[in-house]
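In order, the protein sequences belong to chains A and B. For the first sequence, the numbering used here begins at 1 and goes up steadily by one. For the second sequence, the numbering used here begins at 1 and goes up steadily by one.
Bear in mind the hints are in silico, worked out from the structure with no lab data behind them. All C-beta atoms, glycine included, are put in the ideal place defined by N, C-alpha and C. Any given hint could be a false lead.
Under the rule of at most 20 Å between Cα atoms (straight-line distance), these lysine to aspartate or glutamate pairs were calculated in the EDC-like manner [claimed, not checked]: (1) B:K327 x A:E427; (2) A:K51 x A:E136; (3) B:K183 x B:E241; (4) A:K360 x A:D344; (5) A:K341 x B:E407; (6) A:K327 x B:E427; (7) A:K71 x A:E37; (8) B:K51 x B:E136; (9) A:K51 x A:E146.
Simulated DEER-style distance windows between Cβ atoms [said to hold, decoys possible]: (10) B:E278 x A:G213: 53 to 59 Å; (11) A:N27 x B:D211: 56 to 62 Å; (12) A:E136 x B:H377: 17 to 23 Å; (13) B:E241 x A:R23: 52 to 58 Å; (14) A:A457 x B:T304: 30 to 36 Å; (15) B:R23 x A:E237: 56 to 62 Å.
Reference excerpt, derived from the structure (chain B facing chain A, CB under 10 Å, subset only) [stated by the list, open to error]: (16) A296; (17) P330; (18) A376; (19) F440; (20) L448.
Number of protein chains: 2
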Amino acid sequence: MSRTIVIIGGDAAGMSAASKAKRIDPNLEVVVLERGEWVSYAACGLPYYVKGDIASLEDLVAVPAGTFRTKRGIDLRTSHEAESIDPAAKTVSVRSADGTYSQPYDKLLIATGGRAVRPPLEGMDLEGVFTFQSMEAGGAVREYVERLKSNRDGNSNPQTTAVIGGGYIGVEMAEALSAQGLKVHLFEMASHILAPFGQETARMVEAHLQDQGVPVHLNTRVQSLVTGDSGRLEAIETHEESIAAGMALVGVGLTPNSDLATRAGLQIGTSGAIATDEYGQTSDPDIYAAGDCAEARHAVSGQTAHVPLGLTANRHGRNIGSTLAGKPVPTGPIVGTATLKAFDLEVARTGLVAPREAEKAGFDPVVKTVSAPSRAHYYPGGSTLQIQMTGDRRSGQLLGAAMAGREGVAHRINTVATALHARMTVEQLEMLDLAYAPPFSPVWDPVLVAARVLGSALTR
Amino acid sequence: MSRTIVIIGGDAAGMSAASKAKRIDPNLEVVVLERGEWVSYAACGLPYYVKGDIASLEDLVAVPAGTFRTKRGIDLRTSHEAESIDPAAKTVSVRSADGTYSQPYDKLLIATGGRAVRPPLEGMDLEGVFTFQSMEAGGAVREYVERLKSNRDGNSNPQTTAVIGGGYIGVEMAEALSAQGLKVHLFEMASHILAPFGQETARMVEAHLQDQGVPVHLNTRVQSLVTGDSGRLEAIETHEESIAAGMALVGVGLTPNSDLATRAGLQIGTSGAIATDEYGQTSDPDIYAAGDCAEARHAVSGQTAHVPLGLTANRHGRNIGSTLAGKPVPTGPIVGTATLKAFDLEVARTGLVAPREAEKAGFDPVVKTVSAPSRAHYYPGGSTLQIQMTGDRRSGQLLGAAMAGREGVAHRINTVATALHARMTVEQLEMLDLAYAPPFSPVWDPVLVAARVLGSALTR
Numbered sequence: 001m002s003r004t005i006v007i008i009g010g011d012a013a014g015m016s017a018a019s020k021a022k023r024i025d026p027n028l029e030v031v032v033l034e035r036g037e038w039v040s041y042a043a044c045g046l047p048y049y050v051k052g053d054i055a056s057l058e059d060l061v062a063v064p065a066g067t068f069r070t071k072r073g074i075d076l077r078t079s080h081e082a083e084s085i086d087p088a089a090k091t092v093s094v095r096s097a098d099g100t101y102s103q104p105y106d107k108l109l110i111a112t113g114g115r116a117v118r119p120p121l122e123g124m125d126l127e128g129v130f131t132f133q134s135m136e137a138g139g140a141v142r143e144y145v146e147r148l149k150s151n152r153d154g155n156s157n158p159q160t161t162a163v164i165g166g167g168y169i170g171v172e173m174a175e176a177l178s179a180q181g182l183k184v185h186l187f188e189m190a191s192h193i194l195a196p197f198g199q200e201t202a203r204m205v206e207a208h209l210q211d212q213g214v215p216v217h218l219n220t221r222v223q224s225l226v227t228g229d230s231g232r233l234e235a236i237e238t239h240e241e242s243i244a245a246g247m248a249l250v251g252v253g254l255t256p257n258s259d260l261a262t263r264a265g266l267q268i269g270t271s272g273a274i275a276t277d278e279y280g281q282t283s284d285p286d287i288y289a290a291g292d293c294a295e296a297r298h299a300v301s302g303q304t305a306h307v308p309l310g311l312t313a314n315r316h317g318r319n320i321g322s323t324l325a326g327k328p329v330p331t332g333p334i335v336g337t338a339t340l341k342a343f344d345l346e347v348a349r350t351g352l353v354a355p356r357e358a359e360k361a362g363f364d365p366v367v368k369t370v371s372a373p374s375r376a377h378y379y380p381g382g383s384t385l386q387i388q389m390t391g392d393r394r395s396g397q398l399l400g401a402a403m404a405g406r407e408g409v410a411h412r413i414n415t416v417a418t419a420l421h422a423r424m425t426v427e428q429l430e431m432l433d434l435a436y437a438p439p440f441s442p443v444w445d446p447v448l449v450a451a452r453v454l455g456s457a458l459t460r
Numbered sequence: 001m002s003r004t005i006v007i008i009g010g011d012a013a014g015m016s017a018a019s020k021a022k023r024i025d026p027n028l029e030v031v032v033l034e035r036g037e038w039v040s041y042a043a044c045g046l047p048y049y050v051k052g053d054i055a056s057l058e059d060l061v062a063v064p065a066g067t068f069r070t071k072r073g074i075d076l077r078t079s080h081e082a083e084s085i086d087p088a089a090k091t092v093s094v095r096s097a098d099g100t101y102s103q104p105y106d107k108l109l110i111a112t113g114g115r116a117v118r119p120p121l122e123g124m125d126l127e128g129v130f131t132f133q134s135m136e137a138g139g140a141v142r143e144y145v146e147r148l149k150s151n152r153d154g155n156s157n158p159q160t161t162a163v164i165g166g167g168y169i170g171v172e173m174a175e176a177l178s179a180q181g182l183k184v185h186l187f188e189m190a191s192h193i194l195a196p197f198g199q200e201t202a203r204m205v206e207a208h209l210q211d212q213g214v215p216v217h218l219n220t221r222v223q224s225l226v227t228g229d230s231g232r233l234e235a236i237e238t239h240e241e242s243i244a245a246g247m248a249l250v251g252v253g254l255t256p257n258s259d260l261a262t263r264a265g266l267q268i269g270t271s272g273a274i275a276t277d278e279y280g281q282t283s284d285p286d287i288y289a290a291g292d293c294a295e296a297r298h299a300v301s302g303q304t305a306h307v308p309l310g311l312t313a314n315r316h317g318r319n320i321g322s323t324l325a326g327k328p329v330p331t332g333p334i335v336g337t338a339t340l341k342a343f344d345l346e347v348a349r350t351g352l353v354a355p356r357e358a359e360k361a362g363f364d365p366v367v368k369t370v371s372a373p374s375r376a377h378y379y380p381g382g383s384t385l386q387i388q389m390t391g392d393r394r395s396g397q398l399l400g401a402a403m404a405g406r407e408g409v410a411h412r413i414n415t416v417a418t419a420l421h422a423r424m425t426v427e428q429l430e431m432l433d434l435a436y437a438p439p440f441s442p443v444w445d446p447v448l449v450a451a452r453v454l455g456s457a458l459t460r
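Starting from the given sequences, assemble the full structure and let the hints guide the process.
This is the structure:
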């Protein structure tokens with residue numbers, strides 16, 4: 001009898017695992033339980049759908065459901081929600097339109113993803129207030145934007161939009177909504193936006209957002225979302241002021257969907273995500289977890305971390321798929337590399353950037369920030385790139401970097417990410433033989449300049 | 001009495017060494033002997049001067065001569081040519097406008113650079129025929145271009161130009177001269193252009209050159225450069241045809257200026273460049289060499305190599321400057337990373353790319369070529385990137401890569417370069433946590449895709 005692999009969740013991690021397992025061992029029974037209708041979609045593309053760069057939500061789908069079913073032989077069941085796991089009986093209780101049934105498994109992969117944090121704000125349920133994670137939410141936001149633009153509701157100031165939370169999604173949505181002609185205000189509780197990118201890099205982005213007509217309200221806690229007679233959102237209230245707004249986008253974080261795992265008695269990490277070993281195995285040897293619901297191991301800190309990003313979900317899903325099909329592959333450590341576009345800026349980070357982050361991992365961080373030209377000084381069209389780089393005083397080890405600039409940031413960060421994987425010292429980074437041609441870089445690449453400045457500070 | 005460091009050559013390697021040595025130990029006597037008038041200039045920028053992107057040759061100067069003399073306290077002597085070295089007496093014989101004198105040294109750095117190879121072609125001395133290395137040559141070429149454009153000579157087809165040799169400079173000059181409105185023909189003796197980039201990448205550039213109106217003549221040896229009554233170049237003759245041309249740019253390679261070193265009895269490497277140890281020291285313990293005249297150590301092959309590039313000259317000069325001032329720093333190995341712009345293409349390479357190159361270093365190469373999108377599939381404006389990647393069958397070690405595409409190539413190559421420095425396997429490269437955002441990359445970066453395809457071939 002063939003073995004049955006059950007996968008809960010049909011996005012990046014789940015479908016990567018299903019495809020890989022089936023490719024390695026076509027005799028496997030692979031069942032995917034997806035509670036929604038969408039599978040294998042790129043949530044990262046949603047801001048560009050809202051912006052209008054992408055015509056339809058379908059464009060964000062990497063592989064259509066039909067392909068998984070017919071070409072890849074995967075038993076993909078959409079609108080099937082896993083309600084509970086019984087690890088002793090090795091079954092999943094599933095609810096579908098036809099009722100509830102028990103699905104047995106030999107091996108189980110939990111790939112339930114994450115969900116947008118809903119802060120305990122008065123007015124969160126008002127019409128015009130959105131959190132932003134699912135395809136459905138993306139569709140609803142774009143529809144609402146169209147409605148605001150046509151201004152058929154007679155709101156006092158409908159075309160002002162509040163983005164609450166200055167994370168990746170908040171910044172990307174500020175760009176998207178501005179491009180749609182809306183006036184955007186960005187609210188951030190902390191002293192700078194983009195927490196994982198460190199203060200220096202965030203400052204550059206904040207200034208750029210302001211230049212682009214997006215007021216950035218730092219150290220500002222939104223108190224309530226306010227309506228009037230319309231029953232829809234009409235204003236945002238902070239401790240200082242009230243701003244008329246026809247729409248609010250709340251993006252204050254992502255919570256791992258680890259409830260199923262918790263109720264099944266699996267070990268949960270300190271981050272709230274499902275604890276896994278280097279092969280993605282949970283505390284139950286027959287249950288694995290991958291993607292935004294699971295923890296990963298950080299190559300620099302050596303500790304577990306919850307960094308919900310697309311590549312990790314795809315890779316961990318894929319590698320667990322291989323393991324489940326009998327070819328064990330470690331999921332692989334992360335270094336927390338991320339990039340985003342903020343209007344005309346490229347912004348990126350990798351490793352441990354902020355001093356506090358490095359201290360928590362037991363390092364004695366030294367941080368330096370440099371500005372360097374993006375091209376040879378004489379080559380037209382260049383601009384200034386800012387790099388913040390962190391190293392460990394005791395060992396000289398490179399710990400991380402964040403950068404921002406108008407060009408050459410999104411790929412340049414990978415030089416640092418690769419050096420982190422290799423556990424290079426700052427001195428070794430400075431000695432790298434990197435590419436140089438006047439249109440693309442000065443002879444000393446900005447990464448080398450940053451490494452040199454940080455290296456001097458470390459050996460002093 | 002203070003020690004005297006003498007440096008022969010006032011470009012990247014020489015001036016970097018002089019500046020660094022003097023900064024570490026201001027009491028040093030640092031004498032730089034430069035036979036020309038230009039110092040510290042970026043020869044890499046010359047094609048863009050010819051193209052018209054850069055207004056004046058002075059713009060290519062990184063640091064003016066006056067700054068070295070007054071601000072950095074360097075005894076910089078332009079129009080002073082070193083004629084010979086006497087290692088026993090520790091003196092250099094120098095010729096200047098005032099005659100010849102003997103310059104004593106405690107430590108000597110030879111940074112004499114390279115010169116364009118002059119092939120034994122009939123007609124090399126004709127007016128309108130140029131090799132291309134010095135600032136003077138850059139100025140002369142641009143002047144001649146202006147003359148051709150004004151067409152005041154009444155040549156039959158003056159506005160056709162031949163570029164002989166399909167290396168970096170040849171390709172960059174094809175772009176520059178085309179931008180000036182000249183019709184360019186590119187002649188290459190070998191079966192593909194850009195030898196160090198491998199055939200697959202070269203093919204993409206050749207096709208792009210053709211698309212841009214530059215006929216590429218492969219396997220074509222130019223036989224002679226022909227004149228008529230004018231005494232200037234009028235045509236190029238190959239074994240097949242004669243093409244009317246008002247100008248020829250001959251770029252068939254760079255020879256290290258190692259004559260001084262040879263005559264001084266220093267050890268010369270198999271490449272013809274000066275042999276050095278890991279600190280840049282030659283076979284004479286008081287004499288060092290750096291830049292285009294010297295060999296370096298290749299981190300992948302473990303062998304010596306002559307790869308004359310700007311960053312190496314700057315870094316090796318700088319580190320030798322530190323060593324000479326009493327703070328020893330190794331010059332650092334190279335991996336042969338290079339990039340260039342060819343019209344709308346970015347082209348790059350690192351490590352050992354072509355199978356023959358890898359075999360010569362004792363590897364058993366496996367080579368795979370992949371095409372992958374430069375951005376997320378749904379994000380507008382993306383294009384196709386081609387990557388050729390090489391690994392060793394026995395060890396799984398990553399050996400090198402070359403790539404070409406319309407965006408994201410020049411910095412992406414540095415991920416591979418960094419992995420080479422770290423001696424990663426192809427499998428380790430595939431596991432890197434690289435940056436992903438839809439505007440800049442698909443979730444699986446093209447480098448990861450190439451590593452996966454090559455990795456599968458290696459483990460088969």
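Against the structure, the hints:
no. : hint                        : in the structure
1   : B:K327 x A:E427             : holds (15 Å)
2   : A:K51 x A:E136              : holds (16 Å)
3   : B:K183 x B:E241             : holds (17 Å)
4   : A:K360 x A:D344             : violated (33 Å)
5   : A:K341 x B:E407             : holds (16 Å)
6   : A:K327 x B:E427             : holds (15 Å)
7   : A:K71 x A:E37               : holds (19 Å)
8   : B:K51 x B:E136              : holds (16 Å)
9   : A:K51 x A:E146              : holds (11 Å)
10  : B:E278 x A:G213: 53 to 59 Å : holds (55 Å)
11  : A:N27 x B:D211: 56 to 62 Å  : violated (49 Å)
12  : A:E136 x B:H377: 17 to 23 Å : holds (22 Å)
13  : B:E241 x A:R23: 52 to 58 Å  : holds (53 Å)
14  : A:A457 x B:T304: 30 to 36 Å : holds (34 Å)
15  : B:R23 x A:E237: 56 to 62 Å  : holds (58 Å)
16  : A296                        : holds (9 Å)
17  : P330                        : holds (8 Å)
18  : A376                        : holds (6 Å)
19  : F440                        : holds (4 Å)
20  : L448                        : holds (8 Å)
The structure shown violates the earlier hints numbered 4 and 11.
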